[in-house]
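K.L.:
Using the sequences and the hints given, assemble the complete structure.
As they're listed, the protein sequences go chains A and B. At position 284 of the first sequence (counting the first as 1) the number is 284 in my numbering, and the numbers step up by one without a gap. At position 129 of the second sequence (counting the first as 1) the number is 129 in my numbering, and the numbers step up by one without a gap.
Do not rely on the hints blindly, as some may be mistaken.
For chains that are exact copies, the list does not tell them apart, and a pair is met inside one copy or across any two.
[What the hints assert, rightly or not] In silico EDC-like cross-links for lysine to aspartate or glutamate, where the CA-CA straight-line distance does not exceed 16 Å:
(1) Lys230 x Asp394
(2) Lys524 x Glu118
(3) Lys524 x Asp124
(4) Lys283 x Asp317
Note that these hints are calculated values from the structure, not bench results.
In case you want the letters, here they are:
Protein chains: 2
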Amino acid sequence: MSEIETSLIGFSRGDTSGDPFYASNPATGEQLAPAYASASDAEVDRAGELAELAAGSLAALSGSEKAKFLRTVADNVEGIVEDLVSVVTSETGLPEPRVRGETGRTSGQLRLFADLVEEGSWVDARIDHSIPERQPIPKPDLRSMLRPIGPVGVFCASNFPLAFSVAGGDTASALASGCPVIVKAHHAHPGTALAVGQAVIAAVKSCGLAEGTFSLLYGGGRTVGQRLVKHPALKAVGFTGSRSGGRALFELAGARPEPIPVYAEMSSVNPIFLLPSVLNERKEEFALGLQGSAVMGVGQFCTNPGVVFHDKGEAGDSFKSTYAELMSQAPASAMLHSGIRDAYGEGVSDRSGSSNVEVLTVAGDGRGAGGCEASTSAFATDARSYLGDASLADEVFGPSTLLVACEGREEMLEIARALEGQLTASVFGTASELSDSQDLVDILETKVGRLLFNQFPTGVEVCHSMVHGGPYPATTDGRSTSVGTGAILRFARPVCYQGFPPERLPKELDEENSLGIKRVVDGKRG
Amino acid sequence: MSEIETSLIGFSRGDTSGDPFYASNPATGEQLAPAYASASDAEVDRAGELAELAAGSLAALSGSEKAKFLRTVADNVEGIVEDLVSVVTSETGLPEPRVRGETGRTSGQLRLFADLVEEGSWVDARIDHSIPERQPIPKPDLRSMLRPIGPVGVFCASNFPLAFSVAGGDTASALASGCPVIVKAHHAHPGTALAVGQAVIAAVKSCGLAEGTFSLLYGGGRTVGQRLVKHPALKAVGFTGSRSGGRALFELAGARPEPIPVYAEMSSVNPIFLLPSVLNERKEEFALGLQGSAVMGVGQFCTNPGVVFHDKGEAGDSFKSTYAELMSQAPASAMLHSGIRDAYGEGVSDRSGSSNVEVLTVAGDGRGAGGCEASTSAFATDARSYLGDASLADEVFGPSTLLVACEGREEMLEIARALEGQLTASVFGTASELSDSQDLVDILETKVGRLLFNQFPTGVEVCHSMVHGGPYPATTDGRSTSVGTGAILRFARPVCYQGFPPERLPKELDEENSLGIKRVVDGKRG
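P.N.:
Structure, rendered in structure tokens:
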């Protein structure tokens with residue numbers, strides 16, 4: 001390994017002279033070799049130009065050709081799993097089984113999109129035949145389908161170094177649509193990014209695709225990402241990270257001469273609403289499940305359940321004690337990097353100091369050898385205090401839960417109405433209680449991307465029905481999902497062909513439906 | 001008729017004390033009675049609150065119930081067609097046949113959306129069944145579908161007082177999705193807005209829907225629209241108008257604490273590219289068609305063809321003379337209002353004064369009795385000048401065409417690459433020439449919502465395949481269409497239900513598919 005690694009600008013490497021930065025091992029604090037050179041302005045621009053040059057040929061690929069490419073990327077990523085175990089664990093502190101699992105999720109995701117584009121119906125093909133004799137004017141022949149939006153910038157997520165990073169969901173869905181991708185590596189796991197980036201580029205080469213299909217940019221600060229978002233070639237942005245970071249990119253993209261969409265998945269406390277039977281009939285089981293979901297991955301999942309609304313009273317008090325006990329037993333673990341750990345510490349400290357907040361458990365501020373260890377925390381308050389203090393609705397990213405005691409059903413509805421946008425909301429209870437709570441469900445539906453019943457929100461299934469999205473501030477674009485096959489729709493736009501000769505139409509729109517896809521023909525869905 | 005008309009705030013009327021404004025007849029200049037009172041801040045807020053209150057019950061309507069409502073609106077609008085002929089012609093100067101035609105287009109559009117939601121498959125229902133025995137963790141039951149985005153603000157278009165105003169395409173598609181609508185009337189046709197608004201409210205009442213389903217706000221300036229866009233209840237905005245107006249609303253909506261999408265359809269010069277055979281073989285026929293498209297509706301269609309790229313040379317010179325002659329023969333007509341006429345005058349004057357621009361015909365600055373009459377104009381330049389002067393790419397809204405002579409194919413490709421986003425681009429030539437011009441088609445596809453071959457872009461068919469949209473600055477959201485059934489997708493967002501008991505699922509997602517809609521079940525499209 002060279003002493004300084006550099007960006008992957010298509011098939012070339014960046015210059016070693018850019019500002020260097022290093023990853024470090026969150027478990028040990030050890031600075032990891034090598035250094036990574038931040039991309040220069042010229043390198044960012046070059047990646048943009050290459051992507052622009054590649055866009056046409058990528059857009060012209062058939063579904064089968066795109067599927068072959070995505071499967072090659074999947075194979076290549078799986079092929080380096082042993083390397084990944086070593087580099088990901090050292091850069092993120094995530095345990096080996098998680099790295100293996102996330103590698104499988106990454107390749108599985110790529111293959112799911114491969115199947116989707118090979119089958120081909122996702123393009124929403126629509127055909128309206130001409131009616132030359134129509135009065136007062138003839139009806140023309142019109143045919144439309146989704147086409148790739150153009151080059152996409154992808155920002156790696158700190159909390160999914162594989163499944164939402166270099167070859168993760170944003171990249172897979174953008175490539176599947178036929179868009180070139182420029183990835184900005186996360187500063188905390190540059191080595192992971194390099195290994196996966198090289199796997200992607202090997203696939204670009206072996207499939208004979210254009211050089212600009214993929215680039216990977218390093219940047220220690222914000223400059224590289226900002227320049228990328230402002231590059232005129234870029235047509236959309238995918239991001240997973242903090243609310244402030246996502247909002248900043250959203251505003252930067254909106255201020256461009258040509259504004260572009262930003263799909264930022266940002267912040268969510270994933271509220272859980274308990275109907276009375278839960279604490280009355282299965283308090284321990286629920287508390288155990290909640291604790292498992294809350295501490296999973298050191299609380300660093302976007303769908304971590306951060307707040308639970310329950311009825312006031314004896315059962316509620318007993319639940320708080322049970323939960324406090326369970327959370328205090330969970331061992332401290334290293335978070336992903338010191339920035340996340342710092343933010344967690346501040347969040348816990350602010351919450352501990354809030355008036356009207358009861359500290360159920362905070363196991364101290366020990367940070368271990370690597371400076372990144374975090375203990376679990378749990379807090380309690382009541383609905384009036386929660387509604388009166390906006391900071392209590394903020395996310396404390398990490399293994400922390402806030403229990404909120406409500407004075408019956410009306411207060412729960414009031415809280416539901418006051419919620420900000422969320423990735424998920426969960427309701428626990430009996431089917432009959434749920435049936436009596438349609439008003440609550442109707443409110444929650446307007447606030448979230450995914451509604452769960454008697455299940456915890458962590459564990460986001462990659463499938464066709466998944467919606468990993470939701471109104472702001474869960475995301476900057478509540479019309480979208482970043483997980484599941486629906487994610488491809490973020491990177492596509494409809495194009496209509498009017499009066500085109502049959503032989504110049506895309507295959508998806510030909511008269512004989514040679515691809516055998518589902519289409520809407522003269523208003524009838526096939 | 002009362003002396004001062006006021007906003008329709010649900011089933012109530014606004015106060016008469018707001019700043020009054022008047023429409024005027026663009027053909028005569030006559031100020032029209034009555035006055036219209038601008039909505040107060042409290043009235044705008046009240047419309048927002050009512051819409052928020054109505055959102056839940058509207059979202060709960062079945063497709064059939066929504067269809068019934070949309071058809072009632074259509075019937076009611078058709079029922080007042082004689083009144084509309086009188087008020088629309090006096091407020092806009094549009095001729096009676098156009099008013100009758102546009103009324104039919106408006107009701108037809110409402111009925112098309114009624115059919116769409118009654119059939120029901122538009123919701124993109126997806127079901128992934130659970131696999132309880134899956135290792136290492138069970139697969140949950142997941143089901144998703146599109147749900148209404150929430151209250152929508154609609155800004156009436158000056159150039160479509162019916163089909164893109166109070167009960168026009170934006171309103172129809174938003175209501176079809178299940179969203180309450182708050183319309184901001186256009187200041188130039190408030191009487192038209194009132195007649196149609198009352199027809200909508202009559203339908204809300206006769207269908208027994210919530211009061212906040214629909215409101216209509218008057219405002220002489222920008223204050224009312226701005227307050228509407230900033231209202232926290234609002235979840236999306238539809239707009240048709242100027243580039244500066246659309247961009248301002250886009251930025252206002254993006255700066256909200258909760259940013260919301262703005263679908264602004266703004267500005268497009270709808271370029272036409274001529275392949276060599278056109279001027280060599282059918283110059284007169286093409287010139288006549290172009291003139292018809294360019295002067296239609298006094299050039300006030302969004303899809304007006306503003307610029308034509310043709311080969312340099314004798315045929316090109318002869319085409320310029322033919323076209324100049326044709327355009328100079330077109331009679332002057334009243335534009336929609338004095339603001340549009342002023343802007344046209346400035347555009348023509350700027351273009352006339354441009355160096356390197358040849359004035360083919362400008363019939364003078366006469367404005368007729370009403371001050372709104374405009375004569376046609378035509379200009380010519382060459383590709384180098386066009387590429388060197390960004391102002392030549394700007395829209396001159398009105399009956400004006402710019403002919404641009406290109407030094408062969410390479411210069412045409414260069415121009416295509418340099419184009420801003422457009423609603424449409426058209427290519428004229430033989431099928432064999434088109435086949436040799438795939439490079440041009442590929443570039444144009446990335447720039448437009450609709451690509452035409454041997455057809456003029458005016459005349460936007462309302463159907464399933466239509467894409468009336470395109471990259472910025474054609475619209476602020478190139479992923480959308482504002483005409484055709486695809487327009488409903490702008491006002492919907494996906495919601496996923498995980499682990500829900502069968503009886504609590506929306507009908508669209510039930511196991512037996514009781515609605516008989518097309519769905520994706522375990523990845524297979526039905």
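K.L.:
Of all the hints given earlier, name the ones this structure violates by number, lowest first.
P.N.:
1
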